[in-house]
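*Asks:* Here is how the chains run, residue by residue.
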Amino acid sequence: MDAFLYVGLPYLSLTVLIVGTVVRFRQAPFSVSSLSSQVLEKKQLALGTIPWHIGILILLAGHLVAFLVPDIWRSLTANRAFLLTVETIGFMAAAMAAFGLSVLVYRRLVTARLQAVTNRMDLVVLGLLLVQVLLGIGVALGKRWGAQWSAGTTSPYLWSLFTFQPDMTYVSDLPASVKLHLGLAWVMFALIPFTRLIHGFSVPLGYLWRAPQQVIWTTRRRLTRETARAGGVNPETSRRHFVKGLGGLVAAGVLMSVGVLDKLVGYFRGQRLDRTEQVDLLEKKLERLRATAEEQSLELERLQKDAILVAQLGQLDPKIGRYFTDYQMRPALAFKGADHLPILISAKCTHLGCTVASNVDDKGQIMCPCHISYFDIRTGQPNPGAPAKLPLPRLGWLLKDAKGTVMLTQDGAGNRTWPQGQEALDPASLDGLEVWIAKRFDTEGA
Amino acid sequence: MKTAGRTRRFVAFLAERFPAEKMSLQAMVQKKEVPVHRWSWAYYLGGLALFFFIIQIVTGLMMLFYYEPSVATAHASVENLTNNVPGGALIRNLHAWSSSAMILSVMLHLLTTFAMKAFGRPRELTWVSGVLLLFLVFGFGFTGYLLPWHQIAVNATKVGLGSIDAFGEYLPGALSDLPRQLRETIQGGATVGQATLSRFYAIHVIVLPLVSFGLLGLHLLSVQLHGMSPGVDKPTGRTEKFFPLFILKDLKVWGVVFLMLATVAICIPFDAFLDYPLAAPYNSLGSTPDGIKPEWYFFWMYYPLELLPFWLVAGGMAVLQVGLLLVPRIFRGTSRKVLKSLAAAAAIYLIVITLFGQAIYEMFSGGH
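Each protein sequence line maps, in turn, to chains A and B. Our numbering applies: residue 1 is where the first sequence begins, and numbers increase by one. Our numbering applies: residue 1 is where the second sequence begins, and numbers increase by one.
Derived by calculation from the structure, the hints in this document are not laboratory data. Do not take every clue at face value.
Heads up, simulated BS3-like pairs for lysine-lysine below, C-alpha to C-alpha not over 25 Å straight-line [stated by the list, open to error]:
#1 A:K319 x A:K389
#2 B:K249 x A:K244
#3 B:K241 x B:K22
#4 A:K305 x A:K439
#5 B:K252 x A:K263
#6 B:K293 x A:K389
#7 B:K234 x B:K340
#8 B:K234 x B:K337
#9 A:K244 x B:K252
#10 A:K439 x A:K400
#11 B:K241 x B:K31
#12 B:K241 x B:K252
Here the structure is a predicted model, which means the values were calculated and not measured.
All chains, please: the whole structure from these sequences, using the hints.
*Replies:* Now the structure itself:
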């Protein structure tokens with residue numbers, strides 16, 4: 001059942017739509033329109049057709065946008081203000097459409113003159129449209145924020161249909177009302193070539209750009225009325241118009257200034273927070289101040305001290321680097337190498353200065369996320385063809401034991417010295433040693 | 001003798017550009033006529049840019065009441081403005097959307113005045129002051145981007161300033177360190193930090209506005225002195241009075257545009273298109289998050305920088321900047337038809353690279 005509803009029916013209906021429309025255009029091109037009944041009944045038509053068309057066009061446009069650009073739509077509707085706006089517009093459009101359509105149905109059913117030009121298909125179309133609009137409102141009310149969830153369900157489903165890789169897993173969990181709404185939509189697509197819905201293909205957009213035409217009436221009554229309207233100026237009425245217009249403008253101006261002033265006063269009065277909000281705000285501020293203070297104390301430490309502790313060697317990991325700050329206040333990473341000795345390397349990308357990520361991939365490389373350069377952590381060399389051309393500088397280090405005796409040093413070029421002699425360093429107790437960076441290994445501007 | 005001749009020529013040049021006899025309210029306002037033809041809509045673009053500039057000043061001043069330019073508090077103060085101050089989100093949103101709108105209208109203004117050959121004698125200085133204003137607008141964009149001090153702001157600024165370093169590669173010997181020193185002078189330290197924030201703040205809020213006022217005054221004065229350029233090869237002969245008709249129409253356009261801007265600013269937060277961590281406060285000890293990109297109006301130079309060799313893009317940019325300033329001289333004899341084609345080509349490039357830059361980049365960089 002689902003397979004037919006979600007895959008069979010859509011393709012069937014689209015085939016019927018395309019073939020049927022082509023056939024109708026070829027065989028009866030002048031029937032591609034909607035039979036007008038304005039001559040037979042005018043007042044209710046205006047009351048019905050205008051809100052209906054405004055409403056349904058807005059709704060269709062909304063459906064279309066959510067389908068065409070689901071990613072942009074999703075990020076937009078993640079925003080509360082935008083979502084509320086969209087849903088409000090949607091409900092207003094739906095109300096207009098439902099109201100207009102009801103008027104149209106009523107008019108068809110009760111006006112005797114219209115019965116003569118009404119065929120069965122007109123009634124079917126009207127009925128289906130009404131059901132569809134009401135169903136849509138039901139879905140929007142019953143399963144709120146459709147503007148948001150549709151981007152992850154119906155949009156990808158429709159894309160899968162139009163790319164000929166139908167995937168109904170996106171929509172199989174949706175409630176029956178949504179299923180019905182979708183199914184009915186496909187049925188109506190199939191009906192387009194056989195009903196007055198075909199007029200969607202003959203929208204007279206040319207009207208918008210054609211040269212203005214003046215209708216000249218020949219009956220005397222019409223003639224006088226239209227001439228007066230077209231600009232036969234009567235000084236008395238024009239004065240009245242001017243005064244009315246001025247009054248309107250002044251009133252609008254006053255209203256607007258009151259509104260703007262109100263907002264301005266509110267803005268400059270500033271935030272009015274309750275206790276918890278105040279607490280949150282102050283806590284956040286303090287936290288940031290502490291982070292800044294910490295950063296500045298790091299800077300001070302680097303000015304004052306000849307060597308700075310990075311970590312215990314045992315805390316370092318071969319796969320996930322530990323960030324620290326070098327003597328130039330630039331980010332750097334510490335790893336444990338294959339020989340269980342530390343690897344210290346600058347984390348400031350030599351391309352444009354982004355901070356390189358800390359996790360090592362299978363090839364022993366770390367990546368700069370800005371322009372995708374991979375650096376070998378042992379040599380610092382970038383991968384061939386990377387945006388970065390220069391290697392990440394390696395940093396020198398000291399290994400101290402718990403008493404502060406320097407056991408091993410390595411400078412930026414990789415030269416090692418054993419101040420206590422090579423044999424004094426016990427490979428088994430390496431993890432207990434401390435890794436330090438030293439001012440004397442710091443190469444300015446490297 | 002030679003200097004005397006030069007001085008005389010220079011004075012004559014100035015006298016033609018700033019004719020004293022026209023410096024009256026009567027000549028500059030009452031007698032001014034605006035040509036009516038197919039391209040008349042382009043006469044509104046400069047005014048539109050001015051309108052957005054006014055919005056920027058008003059909303060910018062309002063935000064100054066709450067913004068705190070220090071690395072510890074900048075982000076929190078912006079957050080407070082957005083979340084707690086009544087109307088704060090709207091003011092900030094207006095500032096952001098209007099900045100984009102201003103840059104868009106300035107770009108369109110540049111293209112249309114170029115296509116209409118509005119830089120011809122005696123309007124050379126109008127053009128040059130306009131180009132300088134364009135540079136300032138981009139300066140506004142670049143410096144303002146840093147002020148909220150969130151991840152994308154600081155990292156994008158790092159990348160932007162970092163490209164100065166890339167010049168070092170092409171300089172010989174001792175000179176090759178010069179670009180780095182220049183960058184550190186601009187940012188006031190080895191990395192982007194408090195000094196950078198203070199400097200960008202001063203530049204964004206004081207320096208650039210003051211310079212803009214001066215240049216804008218010159219620009220508007222010369223527009224009013226010389227009137228609108230004819231704009232087309234065969235003038236229709238029809239004109240409308242600048243005052244009050246054109247001014248009123250201009251105000252109407254401003255009103256409609258303001259309505260649109262306010263609607264957008266109320267409904268769509270400008271950062272709705274960013275992933276959240278990018279707008280989190282900057283963390284100097286963490287790694288750079290993915291997806292660091294400049295604002296859309298820098299895409300036209302950002303994507304070429306990503307894809308092409310640096311020297312090519314840098315050279316192109318230098319040629320472009322000098323070329324823009326020299327347009328009145330270079331294209332003195334070019335017909336409007338050719339100018340229109342050139343402007344159309346530039347417009348197509350800008351649209352394509354701005355809309356599809358990311359796709360093009362992914363296509364050529366091997367799908368990273």
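*Asks:* If a hint holds in the structure, say so; if it does not, say that too.
*Replies:* Okay, the hints, checked on the actual structure:
With a C-alpha separation of about 24 Å, the suggested pairing of A:K319 with A:K389 holds against the 25 Å cut-off. At roughly 21 Å between alpha-carbon atoms, B:K249 and A:K244 fall within 25 Å of each other, so this suggested pair holds. Proximity of B:K241 to B:K22 is assessed by CA-CA distance (about 17 Å); at most 25 Å being required, the pair is judged to hold. Distance restraint check for A:K305 and A:K439: the Cα-Cα separation of roughly 8 Å lies within the 25 Å cut-off, and the hinted pair is therefore satisfied.
Taken as a hint, the B:K252 and A:K263 pair is honoured in the structure, with Cα atoms around 24 Å apart against an allowance of 25 Å. Of the supplied pair hints, the one linking B:K293 and A:K389 holds, its CA atoms being roughly 21 Å apart against a limit of 25 Å. Proposed proximity of B:K234 and B:K340 is supported: the alpha carbons are some 15 Å apart, at most 25 Å. Of the pairs offered as hints, the one joining B:K234 and B:K337 holds, with about 12 Å between alpha carbons and a cut-off of 25 Å not exceeded.
For the hint pairing A:K244 with B:K252, the CA-to-CA distance comes to about 20 Å; that is within 25 Å, so the pair holds. For the hint linking A:K439 to A:K400, the alpha-carbon distance of about 15 Å falls within 25 Å, and the restraint holds. Of the pairs offered as hints, the one joining B:K241 and B:K31 holds, with about 7 Å between alpha carbons and a cut-off of 25 Å not exceeded. At most 25 Å may separate the alpha-carbon atoms for a hinted pair to count; B:K241 and B:K252 meet this at roughly 16 Å.
The structure fails none of the hints (numbered hints given earlier).
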